[in-house]
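Visitor: If you want the building blocks of each chain, they are given just below.
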Amino acid sequence: MRFSDIETRMRRFLRDPDAKVWNQDILIDTFNHAQEQFNEETQVLAKIVGIHIPPYIEYAIMHDWEESEIEGSILRAFCDFVSGEYVCTQEWEVEAILRTAPLIDGGYRATFPWERNETSETVLGKEIYKFPYDFSNTIMLIYDRDRLQPTTEEAVMQANKVHETHEGTPRYYYRVHDDQMREFVLYPRPSVFTSDTFQTGTVNVDCGYTFEWEEDELANLALSSQKVTLTTDDDYEAIFPWEEQLVDGDNNPPPEYDALAMYATNCYDAEVVSYTYGAVTGVNPTDHTIVGDYGTLADWGEAFSDRDTGAVVDYVDLDDNLLLIYKPRVVRVVDADDTIENWLDWQIKYIERLTLSLMYQVNNERYNPKLSELWKLRYYDGLGIMARYKAKRTAGRKPTLRGYGRRSWKHQLVDLPDTFESLHR
Amino acid sequence: MNSLEKRVLRIIGDDPDSPDVFDDDNITPIRDSINDAIEEIAVMSGADKITYRMPIYANQNFYRFSFPKYQLAWVDSVYLPEKNRHVNQTSLGSVERRHPRWLTTSNTPEEYFIVGVNYIGFYPIYGDDGYHANIKCTILPTRYTRDTDVLRLREDRENAVIAYAAAEYFLTVLDMQSAIHWISRYNQFASTLNFKSTIPEKWRRLHEV
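The listed protein sequences derive, respectively, from chains A and B. Heads up: the first sequence at position 71 corresponds to 71 in my numbering, and the numbers run straight through without jumps. Heads up: the second sequence at position 52 corresponds to 52 in my numbering, and the numbers run straight through without jumps.
No wet-lab data here; the hints were simulated from the structure. Only a predicted model underlies this, so the values are computations on that prediction, with no experimental measurement involved. Please note: incorrect hints may appear among the correct ones.
[What the hints assert, rightly or not] Partial list, derived from the structure: chain B residues whose beta carbon lies under 10 Å from chain A:
#	residue
1	V78
2	T108
3	V115
The beta-carbon is built from N, C-alpha and C at its ideal position, and this holds for glycine as well.
From just these sequences and the hints, can you work out the full model?
Guide: Dropping the structure here:
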């Protein structure tokens, strides 16, 4: 259901069909507020998704602002060089700016996780995976049918000094950066890597570039290059001195050079990555065959459908993949054309009721506490119906007496050998 | 315009034979309210059920419901026709506590659990393809959009639907007395389904109507 449909319904109750009293912005804000409150009060949402190994990532970004410009799965693969205006992809780049020759040895480092598969050498650095965009809390994370235990980066570092390159069957996962970034790392990192799912693209270029003028300069430097598609706003970052030569020397780009320059060894074209590499498994809509060996959830449009068996089914493939069971957050409405996600259609009317209650509390000429109170009571009735719905969902479970068995076990005497002397025997 | 819509129009003072406001092009508000009421009664009563025959794939524990026509309310029971046995309900946490490596086992499913609003999991799961499960679900009927669509509604619940739709109409015209009256009528019906609403009493107490 789209928000515009909901807006029409709510405006009917508000008697404001032409948005003369409440504009669309306040309606969207209030609806989002109501969604979040409804989610907190009902706690019914949970989702299951498959996360492919290596993760399916379309873009690597440098800055926060880039995320809002790009649609697709995004990885923050580059690090802020916090003390300056730079970003770097690898540690040695920092030294390359500070001194003529870097001290850190080279070695393979991957920007995208799947690049590890392209070399038999050890690839340094963390392999970062991302939780889904609507992730809130983990209920369970499973790798190859075994549950992973949560831990912290500090605990892993203390246990293993070379934890970043330690390979094996993952047993733990930990969040990196902060809660905002939704990124996590598996420890040990998985040794099973599905190389056969990759197609060989144009690889081993020296540089990625964003704008055409960069390509000429890279050619002058005898560097092979490939375009990286990033939809950017006007911004400029220079990493290497040769990039600064392109501008006026003060890190202020001339108008025609408002750009973002990026250096990455073995850079792959981001667009190539998004469509030919990685993870999406679906069902072929023409012949209904399952495509690929690994995958995420096939959505309804790609679900297996066969009239002979009368069945429609989606399932999650577990082998060598991650399975994430999580509590999603509410996906906020931004635009009237947005579709309301996560809620079933019949639940949305209760969110509407709370929205209407809040709208009548807005300080304008339609302020009406009585109507607000009535809609709030109707919302509470909706919560009552949701409570009944939740109870019905688990009505088939048999009640168990928890605690009794554990307590009796706790007081059992230790079963000592017969030869052991004891006053209690 | 179906019979329910005509009854609502009579209550709100419009002529169903030649409507002033809610003619066939503008009947959507009334239709929405009737659909909402049917959905709400379906959730309260749990009366609409279907049996969903779901194929089970080898070693695939989790499935997502994809109903093209209905909305899922909840799962009532799961039956394995090939094994001629019912599957008990449990919870994900319970399975996890009893058998931490439960996903590695394959056998005839003994238990099922619900995750979120539309996922179902089995423990354990068949090691071979070719089986299916009969899942009896409570569903919400499809929202009707045309006069000729069939309504899944018992006759003795029509009065409740009409009261709900009338109440919502009076809320849109800010006629609070009438709205409260019709909400009371709807709630009288809801009480027969063991659903207790206190809206009119609370509201009167708060505002001394």
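Visitor: It remains to establish, for every hint, whether it holds in the given structure.
Guide: Hint-by-hint comparison with the structure:
{"no.": "1", "hint": "V78", "in the structure": "9 Å, holds"}
{"no.": "2", "hint": "T108", "in the structure": "18 Å, violated"}
{"no.": "3", "hint": "V115", "in the structure": "5 Å, holds"}
Hint 2 from the list above is the single one not met by this structure.
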